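Let chain A serve as the given structure and place chain B on it in line with the hints.
In the order they appear, the protein sequences are chains A and B.
Residues in the first sequence are numbered consecutively from 1, following the working numbering.
Residues in the second sequence are numbered consecutively from 264, following the working numbering.
Calculated from the structure, these hints are not laboratory results.
Treat the numbers as computed from the prediction; the structure is a model and nothing was measured.
It is possible that some hints are incorrect.
Beta-carbon label-pair distances, calculated as ranges [claimed, not checked]:
{"id": "1", "chain 1": "A", "residue 1": "Leu143", "chain 2": "B", "residue 2": "Leu267", "range": "36 to 44 Å"}
{"id": "2", "chain 1": "B", "residue 1": "Val295", "chain 2": "A", "residue 2": "Phe58", "range": "28 to 36 Å"}
{"id": "3", "chain 1": "B", "residue 1": "Phe278", "chain 2": "A", "residue 2": "Glu155", "range": "31 to 39 Å"}
{"id": "4", "chain 1": "A", "residue 1": "Phe12", "chain 2": "B", "residue 2": "Gly426", "range": "48 to 56 Å"}
{"id": "5", "chain 1": "A", "residue 1": "Glu155", "chain 2": "B", "residue 2": "Met264", "range": "43 to 51 Å"}
{"id": "6", "chain 1": "A", "residue 1": "Tyr18", "chain 2": "B", "residue 2": "Asn423", "range": "23 to 31 Å"}
{"id": "7", "chain 1": "A", "residue 1": "Gly33", "chain 2": "B", "residue 2": "Ile269", "range": "24 to 32 Å"}
{"id": "8", "chain 1": "A", "residue 1": "Met8", "chain 2": "B", "residue 2": "Gly426", "range": "27 to 35 Å"}
{"id": "9", "chain 1": "A", "residue 1": "Leu30", "chain 2": "B", "residue 2": "Tyr338", "range": "19 to 27 Å"}
{"id": "10", "chain 1": "B", "residue 1": "Val295", "chain 2": "A", "residue 2": "Glu155", "range": "17 to 25 Å"}
{"id": "11", "chain 1": "B", "residue 1": "Leu326", "chain 2": "A", "residue 2": "Met243", "range": "48 to 56 Å"}
{"id": "12", "chain 1": "A", "residue 1": "Gly33", "chain 2": "B", "residue 2": "Phe393", "range": "46 to 54 Å"}
To be clear about the criterion: a stretch of chain B counts as covered by chain A if any three or more of its residues have a C-beta under 8 Å from a C-beta of chain A, and this derived list gives those stretches [stated by the list, open to error]:
{"id": "13", "stretch": "280-294"}
{"id": "14", "stretch": "408-419"}
Ideal Cβ positions, reconstructed from N, Cα and C, are used throughout, including at glycine.
The lines below spell out each chain.
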Amino acid sequence: MRTLKFEMNRAFHGKWLYISILLGTIIAALDLGLFRIVYGSDKGKVLIQAWLGTNYQFVYNSLFYVLMPLFACLPYAGTYFSDMDSGYDRNICVKTSRFSYMTSKCVASFASGFVAVSIPLLLDLYGAAGLYPDGKPDKLSFLTAGIIDSYLFPELFNGRPWIYILLFIFIDGMFAGLFAVMSVCISRWSRNRFSAVMFPFVVYVLTGVVLDGVSDGCWSVLQMVNPEQPSVTYMYQMVVVYMFTACVSVMVTWFYSRRRDVL
Amino acid sequence: MKKLGICLCLCIFIFWAGRIYSMNSVYDDNEVIYGSDDSIEISEISVIQKEAHIYSSRKFSSLYAEAEAMMNSGYLPESDRVICVCLAVTNTSSHALEWDEVMPSLQCGFESLTWGCSVDPSITAVMNMFYSEKLEPGQCQNIWFAADMSPLSFKKKHWNNLGEMDMYYVFSLSPERMKMKLNIDSVQME
Numbered sequence: 001m002r003t004l005k006f007e008m009n010r011a012f013h014g015k016w017l018y019i020s021i022l023l024g025t026i027i028a029a030l031d032l033g034l035f036r037i038v039y040g041s042d043k044g045k046v047l048i049q050a051w052l053g054t055n056y057q058f059v060y061n062s063l064f065y066v067l068m069p070l071f072a073c074l075p076y077a078g079t080y081f082s083d084m085d086s087g088y089d090r091n092i093c094v095k096t097s098r099f100s101y102m103t104s105k106c107v108a109s110f111a112s113g114f115v116a117v118s119i120p121l122l123l124d125l126y127g128a129a130g131l132y133p134d135g136k137p138d139k140l141s142f143l144t145a146g147i148i149d150s151y152l153f154p155e156l157f158n159g160r161p162w163i164y165i166l167l168f169i170f171i172d173g174m175f176a177g178l179f180a181v182m183s184v185c186i187s188r189w190s191r192n193r194f195s196a197v198m199f200p201f202v203v204y205v206l207t208g209v210v211l212d213g214v215s216d217g218c219w220s221v222l223q224m225v226n227p228e229q230p231s232v233t234y235m236y237q238m239v240v241v242y243m244f245t246a247c248v249s250v251m252v253t254w255f256y257s258r259r260r261d262v263l
Numbered sequence: 264m265k266k267l268g269i270c271l272c273l274c275i276f277i278f279w280a281g282r283i284y285s286m287n288s289v290y291d292d293n294e295v296i297y298g299s300d301d302s303i304e305i306s307e308i309s310v311i312q313k314e315a316h317i318y319s320s321r322k323f324s325s326l327y328a329e330a331e332a333m334m335n336s337g338y339l340p341e342s343d344r345v346i347c348v349c350l351a352v353t354n355t356s357s358h359a360l361e362w363d364e365v366m367p368s369l370q371c372g373f374e375s376l377t378w379g380c381s382v383d384p385s386i387t388a389v390m391n392m393f394y395s396e397k398l399e400p401g402q403c404q405n406i407w408f409a410a411d412m413s414p415l416s417f418k419k420k421h422w423n424n425l426g427e428m429d430m431y432y433v434f435s436l437s438p439e440r441m442k443m444k445l446n447i448d449s450v451q452m453e
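Excised from the complex, chain A in its bound form (with noise of 0.2 Å):
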């Protein structure tokens, strides 16, 4: 337990935490300054428009969802591989098990990710409530995102927005926090701190390319993420990709810890 307030201190103590939610911000308010501009204070306009993750009129939402990952994993994932490269966490598992470091280590990158990407969408939602109301999104004006009955959560798209956009920020803040364990994971085999942290940008993107519209639904986890819902995602594939990806970088992490205890 002590090991695991220490880590999160570490992680929400850090600069580049504070670094990584400046920028999704920056990217956030340029979206909904964007939008203000071309739009003013049209009364036809809502909330669900305004939001950066249902925007789907202007670049910044595509940009934050592909540099999401980068977001997550910036501000302490890399730390695993700065740890062992100074061989800080032989000094810590002298007064701790390997385990408990390595799971408090989890734990704190998984929080630092959910945080680094959840507070921008947080910020901008409520920057653009006070400048838009919580209206239904009329969907014969085609001037929403096309959240219809074949996707994710149509019905809180539809009749609760602000439910809708506040469960994706949940979702989002998940596989942010999913994309630092993996940060985590891979870092043993990482040459150096910036390739572990560009690992899961890189399997995002290649995936998210490779793997959009290859089958029924969408296994791309760059489609599946983004609350615009570029694609039709079933929720058991959500569940699928993330258990699937959360279960290999626990199982990986969890077998080289114990690799490295023996050594």
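Quick look at chain B alone, frame taken from chain A:
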């Protein structure tokens, strides 16, 4: 200095929360929903819903000869369905109305909570028969509006139970969003 910053942020947060509350408390979505038996007055015409159906493409083409050509050309795929409504439109003004005035004032789209589609002019044209050049004062004419429903737009369980969904016909989006609940008796497949 740090306390001043926190205090300033808190003030901005509270001010913005108040703004969110006031914005949403005065918000009116301008939507008027009519029941399936209501008579609606739109500018100079009165509208009553006579019937509404969801047909399979095959059933639809068996009812309208021209629709078969649409199916053969692929415009109306066999897997799709057609949602349609028949409106009894009466001219309540003292002068004749051109069809070009009447149709645009009624033609918008169909929607449910999770689906929406604008009226398809080609399918609508197949269903309508006009016997006069204009809608004369007091004259009543049945006008059909229709749209295509694709199975790709629905979850399978909803597609198989379309009759249980609340469907609406939307007349206009602005200045008022006017829509009428459709009284769909059943989904006719054969």
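Tested hints:
Between Leu143 (chain A) and Leu267 (chain B), the C-beta spacing of about 43 Å keeps the proposed range 36 to 44 Å intact. The hint said 28 to 36 Å for the Cβ distance between Val295 (chain B) and Phe58 (chain A), and at roughly 33 Å that hint holds. A hinted range of 31 to 39 Å holds for the C-beta pair Phe278 (chain B) and Glu155 (chain A), which are about 33 Å apart. The supplied range of 48 to 56 Å is met by Phe12 (chain A) and Gly426 (chain B), whose beta-carbon atoms lie about 54 Å from each other.
Between Glu155 (chain A) and Met264 (chain B) the beta carbons are some 48 Å apart, a value that agrees with the proposed interval 43 to 51 Å. Separated by about 51 Å at the C-beta atoms, Tyr18 (chain A) and Asn423 (chain B) break the suggested range of 23 to 31 Å. For the pair Gly33 (chain A) and Ile269 (chain B), the supplied restraint of 24 to 32 Å holds, since their beta-carbon distance comes to about 25 Å. At roughly 54 Å, the beta carbons of Met8 (chain A) and Gly426 (chain B) sit outside the given window of 27 to 35 Å.
For the pair Leu30 (chain A) and Tyr338 (chain B), the supplied restraint of 19 to 27 Å is violated, since their beta-carbon distance comes to about 42 Å. Restraint check, Val295 (chain B) to Glu155 (chain A): a C-beta distance of roughly 22 Å satisfies the suggested window 17 to 25 Å. Between Leu326 (chain B) and Met243 (chain A) the CB atoms are about 49 Å apart, so this pair conforms to the stated range of 48 to 56 Å. The hint said 46 to 54 Å for the Cβ distance between Gly33 (chain A) and Phe393 (chain B), and at roughly 51 Å that hint holds.
Only residues whose beta carbon comes within less than 8 Å of a beta carbon in chain A count, and the stretch 280-294 of chain B has 6; three or more means the coverage holds. Counting residues of the stretch 408-419 of chain B whose beta carbon lies closer than 8 Å to any beta carbon of chain A gives 4, which reaches the threshold of three, so the coverage claim holds.
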